[in-house]
Amino acid sequence: MINVRYSFEEIAAIVSPVKIVGTTNCVVTGIKSLSEAASSDLSFLGNGKYREQLEATRASIVLIGEDIDLQPRKNQAFMVCKNPSIALGLLCGNIEQKCLPKKYAHVHGSAIVAASAKLGRDVYVGPHTVVEDDTEIGDGVTLDASCYVGYGVTIGNGSKLHVGAKVMPFCVVGKNVILHSGVIIGSDGFGYETANGVHEKMPQIGNVIVEDDVEIGANTTIDRARFSSTRIGTGTKIDNLVQIGHNVVIGKHCLIVAQVGIAGSTTIGNHVVIGGQSGTVGHIHIGDNAMIAGQTGITSSCKPGSFLRGSPAMPYGEANKFFVCRRRLPELISRVKAIEDKLEM
Amino acid sequence: MINVRYSFEEIAAIVSPVKIVGTTNCVVTGIKSLSEAASSDLSFLGNGKYREQLEATRASIVLIGEDIDLQPRKNQAFMVCKNPSIALGLLCGNIEQKCLPKKYAHVHGSAIVAASAKLGRDVYVGPHTVVEDDTEIGDGVTLDASCYVGYGVTIGNGSKLHVGAKVMPFCVVGKNVILHSGVIIGSDGFGYETANGVHEKMPQIGNVIVEDDVEIGANTTIDRARFSSTRIGTGTKIDNLVQIGHNVVIGKHCLIVAQVGIAGSTTIGNHVVIGGQSGTVGHIHIGDNAMIAGQTGITSSCKPGSFLRGSPAMPYGEANKFFVCRRRLPELISRVKAIEDKLEM
Amino acid sequence: MINVRYSFEEIAAIVSPVKIVGTTNCVVTGIKSLSEAASSDLSFLGNGKYREQLEATRASIVLIGEDIDLQPRKNQAFMVCKNPSIALGLLCGNIEQKCLPKKYAHVHGSAIVAASAKLGRDVYVGPHTVVEDDTEIGDGVTLDASCYVGYGVTIGNGSKLHVGAKVMPFCVVGKNVILHSGVIIGSDGFGYETANGVHEKMPQIGNVIVEDDVEIGANTTIDRARFSSTRIGTGTKIDNLVQIGHNVVIGKHCLIVAQVGIAGSTTIGNHVVIGGQSGTVGHIHIGDNAMIAGQTGITSSCKPGSFLRGSPAMPYGEANKFFVCRRRLPELISRVKAIEDKLEM
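So the sequence lines, in the order shown, correspond to chains A, B and C. The opening residue of the first sequence carries number 1 in the numbering used here; numbering runs sequentially from there. The opening residue of the second sequence carries number 1 in the numbering used here; numbering runs sequentially from there. The opening residue of the third sequence carries number 1 in the numbering used here; numbering runs sequentially from there.
Treat each hint with caution, since some may be false.
The list makes no distinction among identical chains, and a pair is therefore deemed to hold if it is satisfied within one copy or across any two copies.
What the hints assert, rightly or not - Capping the alpha-carbon separation at 16 Å, the derived lysine to aspartate or glutamate pairs in EDC-like fashion look like this:
| # | residue 1 | residue 2 |
| --- | --- | --- |
| 1 | K103 | D134 |
| 2 | K82 | E66 |
| 3 | K82 | E193 |
| 4 | K118 | E136 |
| 5 | K201 | E96 |
| 6 | K102 | D134 |
| 7 | K102 | D133 |
| 8 | K201 | D212 |
Hints listed in this document are in silico derivations from the structure and should not be mistaken for laboratory results. All values derive from a computational prediction rather than experimental measurement.
Put together the whole structure using the sequences plus the hints.
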């Protein structure tokens, strides 16, 4: 674990609380959940569900919201924040800056960088990373160990590829993009023509365009378009082990949770949220601001603002009603039988 | 993106249309969907669903089927093809041949190839790839960057391993096989004996045999058999992030879509199609030509030609009826209550 | 495949049968399933389902349980074992020891090991593996080709990282842990604060702690905690392509089957079994000894010993009843209509 050491005053300076109730002379050397924290820890109440744990916590400093009126104990301070989760983020960001080792900009001796590759300023190319010909790597880019940047790829300023991330030929990665370990951008789409039961591979010559500020989780795969581009819009965040098919277009500022699968040629609007393990068929459109619960199966296009659940999907409220009612189905069958008996049907 | 440049005549020569309606002097520099295409693009109508877009498209050349009777506009040509999708495939294949950089056959200086490895003619071994002892690599094989070929592995002529594909010890890969990035062939099966709640690992000493003409998608994992072989039949195509358990046997010319999971010792016939995110339990058999819809859960063996949907699976038609009827369940409960009230039950 | 060669006497010495019925002079050169075996093979009956195949098998030696009273044919031996599956495991373990090439302890010349890394005795560091600063690698550890051990990581004695396994900074791996190919320990959790529709990344500065005797399957991803630790308890076995979110705590001796997803901050007790492709929402608790069927969706906390199925989950028996009854729903709607007609409702 990271070694941290913050005084009460240092933390107050970082999180800028609206108000502080109580004080403590404990030095903070860790961050823990309310129930796990010792007096050397800071904690926070970010989810109302854990409110009860606040009374019992041994943390010496707790970040809380403005709606909490509890009093701290002796030698304990509550720092009241507009948004305790963001306040914690500020502290964690500070720890990240201060405590994590920085990689100074250089090309490791074991990396293979093609002569025609154009590297910007302050680029880190880690051990065993491969950068092929006709690539452009922007300023401040980090290519961690064992990454692959294929022929003709461009990567925008400030982007970070974690260990073993791979960008296949001709793909485009925007600015401030984060690709986590094992991500594969630009694998072939799953496209065949079947004749007499034999599947003939259709060439997949398009690419993937990842716009700015996108984050893509570990071991996620995004297929290149059959032609033209598979596209991930600005600010969209994709979790681990997600599959994005060829020619999919995802809009801006979406959240795609782990293990989701989006089949080929489906288009997704802006600000869409898709829960874990959900899937869509191909060639449909999901409207802006749609919310899709986990494990949903989306089999047809849906309008902006849709809220769906179930496999296959139903409107959220209807799905919930069905999920409650389904438990009564066995009993219902008996009751109908009883009615029929009474009516001698 | 790939730079392409094709005249009307060059395209006609490649796709060999049955008939051409109209002509154009535009040079094609890209392939786009009907709605996105500009006059410098070629497009195609491969899915009846997009027919309306044909009238409005700005593409200067469109590949269409014989059933379309629309007239092109001025300076626009429709090339009528028996199968517009295959015609497009011919063009894309030509682009792939002409425009993608070739890797000339050689062993990169940073690759580690064991002395006892036998390499065929025209083999490419990319940077940082590792080829262990007692391996045989066929003619024309490409092992892209950072691949791994374990002890005792054989790889047939013409196969291609994309960046970071891994074949673990003793596995056998046939001819003209494509393994995409991050594929793992021959990880240990998930096999334990549990005594007093503790899981004892059972050694997994079998292998995986991948027959000819198989394609396996990015980050897919195929476990080695406990003993004997896990087997993927000739011509079968497997998409991304699929899990194949130990001792599974998949027949010939199957299509296994993304994120499917096949549990251990299950056997699958020939020409089976399994939709995305479906799963099977172990130790069952799926008959030839079965069709499994997406997100299906197969819990028992099924006959040749079965068409299944739902979790757990039902015959397709029955599943569809249930999926429609389930929305009426809450109302049905009320109706039964009303009947009971009337009958004073 | 591995070349094996065992006499009747050698096998008897390894598996220590309770009793032997019959004998054979055949030499065993392979292990096959009952139906595939030839006279040069050993087989076993581990699953009652395959009992019928025992009569027909051509295997010269078969490991069977004490409950089987069948007589072998001529030149065939049945070795009666308390647990034929464990007996087979003993044989396979012997084959593994004798026949698989050993990697002698050394650091491959192409590996990059930081000066401050502390390596124990008998450590193997494979080609192109990277070990960063301030790491501690225990005695007898194997880091196969292309692995990554990040800054500040510790790995306990006897652990094995297969090809391309990655442990990100500050994570802790216990003793006798097996990480299969492509495993990623310590990718960032999926955590954002959303303001005006834009998702702001929250730093993820915690780590992952993998306790002793854990095995983690190929391409599985385990996210680091936002702060504190994501934890996998002693003896827990995780299959391929599983996703474990940030701050998840999994107890001891659990089995998590392939493609399961556990959302952030969920805690799981000891001896829990979760079937393939199941998922849980975040911030819930799954009690000790719970059994979760495949493709289940767990949306709320469940008690010790729960047995759940369905999406969303129901008690196992109730789920099974519903799954049978759902097929009668269309018919039930007709019957209710008929009743209403009769009652002129």
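Verification of the hints:
Taking the shortest alpha-carbon separations for K103 and D134, only the inter-copy value of 14 Å comes in at or below 16 Å, while the best intra-copy value is 25 Å. Only within a single protomer do K82 and E66 lie at most 16 Å apart by alpha-carbon distance; the minimum there is 6 Å, versus 65 Å between protomers. Taking the shortest Cα distances, K82 and E193 sit within 16 Å of each other only across copies (13 Å), while inside one copy they are farther apart (57 Å). In this homomeric assembly, K118 and E136 come within 16 Å of each other (Cα to Cα) only inside a single copy, at 5 Å, whereas the closest approach across copies is 37 Å.
Taking the shortest alpha-carbon separations for K201 and E96, only the inter-copy value of 13 Å comes in at or below 16 Å, while the best intra-copy value is 46 Å. Taking the shortest Cα distances, K102 and D134 sit within 16 Å of each other only across copies (14 Å), while inside one copy they are farther apart (28 Å). In this homomeric assembly, K102 and D133 come within 16 Å of each other (Cα to Cα) only across copies, at 12 Å, whereas the closest approach inside a single copy is 28 Å. Taking the closest pair of Cα atoms, K201 and D212 come within 16 Å of each other only across two copies (14 Å); inside a single copy the shortest separation is 32 Å, beyond that limit.
Going down the numbered hints, you'll see the structure goes against none, and every one checks out.
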